[in-house]
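Protein chains in written order, with this note's numbering: chain A, 1 to 207; chain B, 208 to 502; chain C, 503 to 724.
Check each hint, because a few of them may be wrong.
To be verified - Think about it this way: if two alpha-carbon atoms lie no more than 27 Å apart in a straight line, the pair counts; the simulated DSS-like pairs of lysine-lysine are:
1) A/LYS107 x C/LYS518
2) C/LYS653 x C/LYS607
3) C/LYS718 x A/LYS95
4) C/LYS518 x A/LYS103
5) C/LYS707 x C/LYS658
6) C/LYS653 x C/LYS718
7) C/LYS658 x C/LYS714
8) A/LYS95 x C/LYS518
9) A/LYS26 x B/LYS429
10) A/LYS95 x C/LYS714
Stated by the list, open to error - Here's a subset of chain B near chain A, in silico, CB distances under 10 Å, partners left out:
11) SER426
12) THR467
13) ASN483
14) PRO485
It should be emphasised that the hints constitute simulated quantities derived from the structure, not laboratory data.
Just so you know, even glycine gets a beta-carbon here, dropped at the ideal spot from N, CA and C.
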Amino acid sequence: MGVTVVQNFPITENRTGPSTIELLTKRISALGAIQQGHFLVDCETYTSVPQLGNPRTVHILHNSEQPATVFSILETENKTIPLATDGLFDLLMIKMANFYTSKKQTKAESKGPRYEIGDFLVKLGTVTVSQNFKGVLVEVEYRPCVVPAMCWELMREFLQGFLGSTAQSAPPLYLQNRMQDIYSPIDTIHQYLEQFTIYRKAPGLRT
Amino acid sequence: MERDLDQLYTALNAIKVLRSNVGSVFETVSNGLRADHGEEGKENKFMLELQDVLTTVNNNLRDVETAAANLTPPPGPFNLGNTAYLSQETTQERQALYGQLVNSYKWTDKIREYSTLAGNILATNSFNKTYKTFSTTKRRKTQTSNHNVPPEVIENLITGIDRLFPDVTINATRPFVPNPVIQASLGRVLKAIIAFKGLMIEWVIVKAHSESSDLWTESRYKVFRKVTENCHAAMCHFYSPTMPDLAVRSFMHWFHSYNTLFSCSCKRCGNHLHSNLPPTWRDLRTLEPYHEECK
Amino acid sequence: MTSPGSAVDSLSAAIKCNIIPNQEYLLQGSVLDQYVEVLLHRLRGLCDNVDSGPESFNDHELCFTLRGNTPNSSMVLPLRVRRALDVPDAPWQLRYVGQHELGDKNRPTAVRSSIDMACSSTIVEFLTELGCRVDFEYIARGYMFRKGRMKITVSKIFKMGSMASKPNESVEPISQSYLVELSVLAPSGQDAIAEDMRIFAEQLKPLVQLEKIDYKRLAHIQ
Chain A
1 MGVTVVQNFP
11 ITENRTGPST
21 IELLTKRISA
31 LGAIQQGHFL
41 VDCETYTSVP
51 QLGNPRTVHI
61 LHNSEQPATV
71 FSILETENKT
81 IPLATDGLFD
91 LLMIKMANFY
101 TSKKQTKAES
111 KGPRYEIGDF
121 LVKLGTVTVS
131 QNFKGVLVEV
141 EYRPCVVPAM
151 CWELMREFLQ
161 GFLGSTAQSA
171 PPLYLQNRMQ
181 DIYSPIDTIH
191 QYLEQFTIYR
201 KAPGLRT
Chain B
208 MERDLDQLYT
218 ALNAIKVLRS
228 NVGSVFETVS
238 NGLRADHGEE
248 GKENKFMLEL
258 QDVLTTVNNN
268 LRDVETAAAN
278 LTPPPGPFNL
288 GNTAYLSQET
298 TQERQALYGQ
308 LVNSYKWTDK
318 IREYSTLAGN
328 ILATNSFNKT
338 YKTFSTTKRR
348 KTQTSNHNVP
358 PEVIENLITG
368 IDRLFPDVTI
378 NATRPFVPNP
388 VIQASLGRVL
398 KAIIAFKGLM
408 IEWVIVKAHS
418 ESSDLWTESR
428 YKVFRKVTEN
438 CHAAMCHFYS
448 PTMPDLAVRS
458 FMHWFHSYNT
468 LFSCSCKRCG
478 NHLHSNLPPT
488 WRDLRTLEPY
498 HEECK
Chain C
503 MTSPGSAVDS
513 LSAAIKCNII
523 PNQEYLLQGS
533 VLDQYVEVLL
543 HRLRGLCDNV
553 DSGPESFNDH
563 ELCFTLRGNT
573 PNSSMVLPLR
583 VRRALDVPDA
593 PWQLRYVGQH
603 ELGDKNRPTA
613 VRSSIDMACS
623 STIVEFLTEL
633 GCRVDFEYIA
643 RGYMFRKGRM
653 KITVSKIFKM
663 GSMASKPNES
673 VEPISQSYLV
683 ELSVLAPSGQ
693 DAIAEDMRIF
703 AEQLKPLVQL
713 EKIDYKRLAH
723 IQ
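Chain A extracted, bound-state conformation (with noise of 0.2 Å):
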């Protein structure tokens, strides 16, 4: 698992979502890019019933690139704590259904295509918000690299190559604090539920 960087593509104005995509899948096909199946991230969040005292928030995040992983992320008020585990957590979290209730509305999911070149992989995936659309993430991963300090120079030029201006200039706010830290796939999911959490609060498509 190399380092991994989440953003968001702004929309412009008079441009949909699957036509977005198409733009950027051009710029990356024009690079040299294979198309090499699918991806799809989805993140469901269940709060903790008041019989247990303080409101607590569980995030169950899946990702197809980990595929037998279940990565969750517990919020209480001034802790985060991740965990991953085996695909059967989902059943204890079924078990769990008295004490740990989901809000279905709040489903959130990015998928779409998935591309390599080189020793990049990149996907451009559709964001939706309980089967509403609500944005464009682009996810970029340097495999060969587990130091985000060592590599960011390179991945930012890799993104300014086919995002253009709307890359970001500097690396996500939760790997901010991590760059020397070797990275590892739970720090993807984190920044996943960053982005999640604004497109949740975001109303209609998030600018």
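Based on these hints, arrange chains B and C on the given structure of chain A.
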């Protein structure tokens, strides 16, 4: 004889003077009216000047004629030597002399240019890798072969390179006794599995830390496959049978420069990426990063 | 190229096809310390991997319960977390075990639902923040044998001496015997495996008596 020479010199002088004055005639005519002819009567002054110069030329011509008349013709044909051949075929169209001269000049010029370049390049890879020293004055101890050395020497070499850099950690295993296979981890960037034969490096393969430590499977990532190729080139470049530990040390120095594989930009084009690869080449002397296409 | 189905979809498909092992068939017994060597020899001969010998393990298990704040809340969820003390890099195991049904005399083993999964080491903090409390913890050291799908463990349970920082030292055994467990994890409805377990248990008969234990009766014994 001297009188002849004197007359010859006089005649030649006269011709020189005539020539220069004819030159000044043409100069005057081509310059036309000049500023120092003044405002009034410019044309008259110009005409007077022209007349003066033409009379000078006439006088010179008369001098030349008298001088030439005083010359005695030579008794017989001159001995021209090789220059006689110049008169044999004087028409340039029949003789391809000019064209051939130009071509041979170009050819010699190019030869000279190419040989300087070739000389420079060949000098860097001196093929003088023979064992023998032809100096018989000092007696050196006979160099033992590089692949048949006692194990302690290899041990010393490995501990030596282990101490060389703090961020390169070495693990040595001995699957083929006594030749070690060392795994050198360069920080968190990559790891290289280097197989020795005695004191010489025989095979290098570069992979990511997460991949297997197998000597035979290639890396999954294009960038490390490229670095492996470059390591092989460097391994051959630094090969020196006469100074094996210097060879290994120089190779390790060069290899250590890869710890900036992902973070530095190419010295020539300034970018991090070229055809989706970071600068995978390190110059063999200056250790500067270059892209594969920029080196 | 079809898009990947979501994980929940594949999980529900797996449940429908009945391939997820979510039931545990269990037989338990105990053997005194002085006879455990004989039992180990017998098991070594009966089980797979005769030449490589039994695998030893040294595990630390914590038992959590998730319950509501109200005192007589009926919602209680027990969870167990197990980690290997001898292999520090091994993943931790999270387990949910339900109430076991003894059934009638025809059913040779106890059956209980169990969901078993590997997890990262942040599980303890996760469960604590989720609202679980540690009920008890212990250390189990012993040997594990396999025969086909069956797993036999012979382990000694130790009480934790000091805090969890140094769980290897200052432990004391809670009894002078070893706990022997024979279990199989299988999808529901495969009751034939219970019969195989009973036949295997017969072969260990004079040394150790493996049977289904009724915990409710144990609770009454004081």
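For each hint, the structure was consulted:
Among the hinted pairs, A/LYS107 with C/LYS518 is consistent with the structure: their alpha-carbon atoms are about 23 Å apart, no more than 27 Å. A threshold of 27 Å between alpha carbons decides the hint, and for C/LYS653 with C/LYS607 the separation of about 23 Å falls inside it, so the pair holds. A C-alpha spacing of about 23 Å is found between C/LYS718 and A/LYS95, which places the hinted pair at or below 27 Å, so the restraint holds. The straight-line distance between the Cα atoms of C/LYS518 and A/LYS103 is roughly 25 Å, inside the 27 Å bound, and the hint therefore holds.
With a C-alpha separation of about 20 Å, the suggested pair C/LYS707 and C/LYS658 falls inside the 27 Å cut-off, and the hint holds. Proximity of C/LYS653 to C/LYS718 is assessed by CA-CA distance (about 25 Å); at most 27 Å being required, the pair is judged to hold. At most 27 Å may separate the alpha-carbon atoms for a hinted pair to count; C/LYS658 and C/LYS714 meet this at roughly 19 Å. As the CA atoms of A/LYS95 and C/LYS518 are separated by approximately 17 Å, the hinted pair is consistent with the 27 Å bound.
With a CA separation close to 24 Å, the supplied pair A/LYS26 and B/LYS429 stays within the 27 Å bound. Between the alpha carbons of A/LYS95 and C/LYS714 the distance comes to roughly 25 Å, so the proposed pair stays at or under 27 Å and holds. The interface hint given for B/SER426 holds, since its Cβ lies 8 Å from the closest Cβ of chain A, which is under the 10 Å cut-off. The criterion of a C-beta within 10 Å of any C-beta in chain A is met by B/THR467, whose closest approach is roughly 8 Å, and the hint holds.
Nearest Cβ of chain A to the Cβ of B/ASN483: about 3 Å, under the 10 Å cut. The hint holds. The interface hint given for B/PRO485 holds, since its Cβ lies 6 Å from the closest Cβ of chain A, which is under the 10 Å cut-off.
Going through the hint list in order, the structure satisfies each hint without exception.
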